[in-house]
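Keeping the supplied structure of chain G fixed, place chain D upon it in accordance with the hints.
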Amino acid sequence: MLKKRIIPLELLKNDRLVKSCNFSEHRDVGHPIKSSKVYSDQDADELILLNIGDGDLEFDNLVRVVGKLAFECFVPLSAGGGIRKFGDAEKLFEAGADRVVLNSACYSTPLLIKEIADEYGGQSVVVGIDVKFTNGRYLLYSNSGVIETGLTLDDHIKTVINLGAGEILIQSIDRDGMMQGLDLILLTQVLSFSSIPVIIAGGTGSFMDLKSAFDLGVDAVACGSLFNFGDNNPLRAKSFLKNYGIPLKIL
Amino acid sequence: MTIGIIDVGLGNIGSLSGALYSQGWDIELIDSPEKIKQVTHLILPGVGSFSVAMERLERSGLSKAIKFFAQDGMPILGICLGMQLLADKGVEGGLCAGLGLIHGDIRPFGVVQPFRFPHVGWNVMNKQASHPVLSGIKAGADFYFVHGYHFTVRDKSDIVGLTDYSLNFASVIANRNVLGVQFHPEKSQKNGLRLLDNFCNWSGGC
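Protein chains in written order, with my numbering: chain G, 1 to 251; chain D, 1 to 206.
Here chain G stands alone, though its shape is the one from the complex (with noise of 0.2 Å):
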């Protein structure tokens, strides 16, 4: 049987991996090839690694981090943040990214999705959808949290599913950073919105909050505060939720 996944979520800036809180409030927490091996040793299921830089430097930087890690660390990895074009992307594959994400994109020209499902088959593409709880509906944002798109989560995910997207990773700025538990009501919408794979992230604080969500049916958690403040590390994790039968990777 499928089993759940456990992500480990790296922001990369100015060559240094990042933490945020609500999406600002950057904070260093290592270095990418070397905190992304330790995460690799520690039985971490896939890697996303994604760029919150502006500008073409930051994502030829991210480019040029790919292209490292695919070479040293044999763990599946999806990288985005800035893919503007199919030429980013095609950039990123070429690095040895296994899937992109797709982000701000998906809003301003979402064939760009369809675009690279075509060439890369629709397993390739991740859509990140970044959302904030306001007067009782989820807004979703673009360019990290700072422009209000208008749209509704139930249209978006129709409209990417619709152009090829592989896998929804969607995300509770709200949440994010403040390990506080992940936003489940989101969880639960998303899921009945998705006939792909979804990945959650955004609040995860204990392995509690894990075990909550997958029991809800997500296919994967990502998270960030989870393994960069504490103890915690995705082996520990997965001994936690190997308690309540959670199936888990077996090698």
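None of these hints come from the bench; they were simulated from the model. Because the structure is a prediction, the values reported are computed rather than measured. We treat Cβ as the ideally placed atom computed from N, Cα and C, and that holds for glycine. Incorrect hints may appear among the rest.
[Claimed, not checked] Lysine-lysine pairs mimicking PhoX-like chemistry, simulated, CA-CA at most 20 Å apart:
id: 1; chain 1: G; residue 1: K37; chain 2: D; residue 2: K190
id: 2; chain 1: D; residue 1: K64; chain 2: D; residue 2: K37
id: 3; chain 1: D; residue 1: K138; chain 2: G; residue 2: K3
id: 4; chain 1: G; residue 1: K3; chain 2: D; residue 2: K127
[Said to hold, decoys possible] Over the 10 Å line for every Cβ pair with chain D, so calculated as not near, a few chain G residues:
id: 5; residue: V18
id: 6; residue: R27
id: 7; residue: Q42
id: 8; residue: L163
id: 9; residue: I246
[Claimed, not checked] Covered, in the sense of this in silico footprint (three residues per stretch, anywhere, with C-beta under 8 Å from a C-beta of chain D), are these stretches of chain G:
id: 10; stretch: 69 to 76
id: 11; stretch: 97 to 106
id: 12; stretch: 116 to 123
Coordinates of chain D only, in the frame set by chain G:
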């Protein structure tokens, strides 16, 4: 031994090269038919869509060269899309002929609640037959899958491994010197690396 990796510009041969290199194998990237003469093994890797990959293999002349390599009894390994390209035909991007090295065709997974597609993540490969390439890999080991289409074989005797996800689909297939794996061994950590090693040590005989 020199391991040839077919390179038609469809991404991610970095991990595969890195994995083989770390295990001590000599690698040659193959982007034209002449280069195939230099290698003892051939790997057809897999990121991409069926029709785009076949078009590139045809255009470069590699399609014919790969078939000759197979006819000569040389060991070939298809990974993920690479395994699917071994089929007679595929439908992704329109109906398209494959290499026809292992009979069967490629179909998308159907809509089956509560399963989500594509099939992404770690899943078990259940051995149906023994094969040198699976030596030393214990039963129940998970491998990494990421695909929306699967291989339906014409001859059940070509099935070496099955994986269960909404249906039991062929995750390892073999016919004489030609072998295909639906998962990514270069991403499947110790069991995947073992499989790659076994392939590189295999002469193509059964």
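So, going through the hints one by one against the coordinates:
no. : hint             : in the structure
1   : K37(G) x K190(D) : 15 Å, holds
2   : K64(D) x K37(D)  : 13 Å, holds
3   : K138(D) x K3(G)  : 17 Å, holds
4   : K3(G) x K127(D)  : 18 Å, holds
5   : V18              : 25 Å, holds
6   : R27              : 30 Å, holds
7   : Q42              : 12 Å, holds
8   : L163             : 14 Å, holds
9   : I246             : 13 Å, holds
10  : 69 to 76         : holds (count 6)
11  : 97 to 106        : holds (count 3)
12  : 116 to 123       : holds (count 7)
Checked against the numbered hints listed earlier, the structure breaks none of them; every hint is satisfied.
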